[in-house]
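Chains as they are written, first to last, in my numbering: chain A, 107 to 454; chain B, 16 to 145.
To be clear, the hints were calculated from the coordinates, so they are not data collected in a lab.
A few of these clues could be false.
What the hints assert, rightly or not - A few chain A residues facing chain B, derived, Cβ under 7 Å: (1) Ile-152; (2) Asp-155; (3) Thr-158; (4) Val-161; (5) Pro-189; (6) Glu-201; (7) Ala-202; (8) Gly-204; (9) Asp-208; (10) Asp-432; (11) Gly-433; (12) Pro-434; (13) Arg-435.
What the hints assert, rightly or not - Simulated crosslink set (DSS-like; lysine-lysine; CA at most 30 Å straight-line): (14) A:Lys-139 with A:Lys-123; (15) A:Lys-357 with A:Lys-345; (16) A:Lys-330 with A:Lys-358; (17) A:Lys-330 with A:Lys-133; (18) B:Lys-41 with A:Lys-123; (19) B:Lys-41 with A:Lys-445.
Ideal Cβ placement from N, Cα and C applies to all residues, glycine included.
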Amino acid sequence: MAGIVGYGAFIPRNRIKSEEIARQWGKDPAAIKRGLMLQEKSVPGIDEDTITISVEAGRAAIERAGIDPQLIGALYIGSESHPYAVKPSGTVVAEALGIGTDVHVADFEFACKAGTEAMFVALSIVESGRAKFAMGIGADTSQGAPNDALEFSASAGGAAYVFGKDHLLVDVVDTYSFTSDTPDFWRREGEFYPRHGGRFTGEPAYFRHVTSATRAILERTGLKPADFRYAVFHMPNGKFPLAAGKELGFKKEQMETGWIVNTMGNTYSGSSPTGLAAVLDVAAPDDLILITSFGSGAASDSFVLRATELLPQRRDRAPTVRSMLDGPRRYLTYGEYAKYREKIIVND
Amino acid sequence: MPSPRYWREIPARYRLEGGRCPACGKVTYPTRRVCPECRHEGMEAIALSRHGRVVTFTTIHVAPTEFQMEAPYPMAVVETPEGARLMVQVADCAPDDVKLGLEVALEFRRIQREGRSGILCYGHKAVPAR
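All chains should be built: construct the whole structure from the sequences, respecting the hints.
Structural data, given as structure tokens:
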């Protein structure tokens, strides 16, 4: 079976603390940090977007794969913040990565699940034999309306995965998707900020899809939670993934490596893929890894993965997720954040 | 920047493709038809390393229209290990953080937008090495 031959992540250096956002809107920062379990979040620079994050993550993935980028026959980017409404992000990324013109490219959108959607299709393209290598990327510069709960979480970052059939860093044991029409979170054409159903985003949306997809893939593979060394669940806030994992029978120790939301925020399409990258940065050969994404609207993709002997030999070729989360950071005031996120109306 | 010109410069702007003179070894960015050192005609394409060090810099306080939201911002000449020198913006730091010899990475960034509805122009900027 096909698997991951290279992976990479990118997280911008700018941060804003939950206290700074709470202060702006007269909210209690202690309640936010306790309720949503969010300390700070990444913020894209004024010159960073889904395309630039995808290029940097894609370069790291190619470094770890050690392949000629021109052998990549398919490139898919999942995001809900593609910089153009019409014109693909993928064409810029393919040119910048040196993939050339002999490639199938598409941009995907499925709220926060678009990244694993891109990974799923890239994997399928390789399995079908239509391409030797295929890349799936999840990246976002997430939008959250001012004075909305989302503003504490919506952040920037992403991860890229190269799939192939030989020299695997990670075996893909199985995949499963669970999908239903659930209007929990959406953004209409032309609207700048998404809308959401408040508490409706919980039980009928996030928890139903994440637990259903995970239970189904466990049944298909005959595995139980205790068999896994690591588990990653989509991270809209700090609380939801830990609660879903607990409900499914996973322990905190299995989830904490990929649970990076408390200092990264929710990178939407990049959330669970970047959590997986943080796990691959430390996983040992034969470790079983579960990842279940969630995209509003709504669906979850689950992957059961097994690390190979090659993974530890390749991870040092590119920066780790923790080095970007814990490395040099720039803390912004709310005013700087509003400028960077273009929340201030200025003349042309 | 007019769109056709931007399109022509994609190899240099997106992939840092420079030129190396097969006669004297001089490396230029972007590539040239004629080597500025020995006048040899025809340079070989090479991909520059995505890192280097600052050899000189300044700060832009009065910026062109497309860059006004970023002012004040540092500009630097960065030398890559191949010996090519690039004029780039330095991002993710304050102007005072830029020093001679500063080790930088060259990251893919949006350089400018053609107004509110035009194309987005990408390239590389220097950022202090992590």
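Evaluated hints:
For Ile-152 of chain A, the shortest C-beta to C-beta distance to chain B is roughly 6 Å, which falls under 7 Å, so the interface hint holds. Below 7 Å, beta-carbon pairs count as interface contacts, and Asp-155 of chain A has one with chain B at about 6 Å; its hint therefore holds. A cut of 7 Å between beta carbons decides the hint on Thr-158 of chain A: the least distance to chain B is about 5 Å, and the hint holds. Annotation: interface hint on Val-161 of chain A holds; nearest CB of chain B at approximately 4 Å, less than 7 Å.
Residue-level restraint check for Pro-189 of chain A holds (minimum Cβ-Cβ distance to chain B is 6 Å; threshold 7 Å). At its closest, the beta carbon of Glu-201 of chain A sits 5 Å from a beta carbon of chain B; the interface hint therefore holds under the 7 Å criterion. Below 7 Å, beta-carbon pairs count as interface contacts, and Ala-202 of chain A has one with chain B at about 4 Å; its hint therefore holds. Interface hint at Gly-204 of chain A: satisfied, since its Cβ lies 6 Å from the closest Cβ of chain B, which is below the 7 Å cut-off.
With a cut of 7 Å, the hint placing Asp-208 of chain A at the interface with chain B is violated, because the nearest CB-to-CB distance is about 16 Å. The interface hint given for Asp-432 of chain A is broken, as the beta carbon of that residue sits about 10 Å from the closest beta carbon of chain B, more than 7 Å. The criterion of a C-beta within 7 Å of any C-beta in chain B is met by Gly-433 of chain A, whose closest approach is roughly 5 Å, and the hint holds. Interface restraint check: Pro-434 of chain A against chain B, minimum CB-CB distance 6 Å, threshold 7 Å, status holds.
This hint is violated: Arg-435 of chain A has a C-beta 10 Å from the nearest C-beta of chain B, more than the 7 Å allowed. Only pairs whose Cα atoms come within 30 Å are accepted, and Lys-139 of chain A paired with Lys-123 of chain A is accepted, the gap being roughly 10 Å. Of the pairs offered as hints, the one joining Lys-357 of chain A and Lys-345 of chain A holds, with about 14 Å between alpha carbons and a cut-off of 30 Å not exceeded. Between Lys-330 of chain A and Lys-358 of chain A the alpha-carbon distance is near 15 Å, which keeps this suggested pair within the 30 Å criterion.
Straight-line distance between C-alpha atoms of Lys-330 of chain A and Lys-133 of chain A comes to about 41 Å, which puts the hinted pair past the 30 Å bound. Between the alpha carbons of Lys-41 of chain B and Lys-123 of chain A the distance comes to roughly 48 Å, so the proposed pair goes past 30 Å and is violated. The suggested pairing of Lys-41 of chain B with Lys-445 of chain A is violated, with an alpha-carbon distance near 42 Å, which exceeds 30 Å.
The structure does not agree with the numbered hints 9, 10, 13, 17, 18 and 19 stated previously, though it agrees with the rest.
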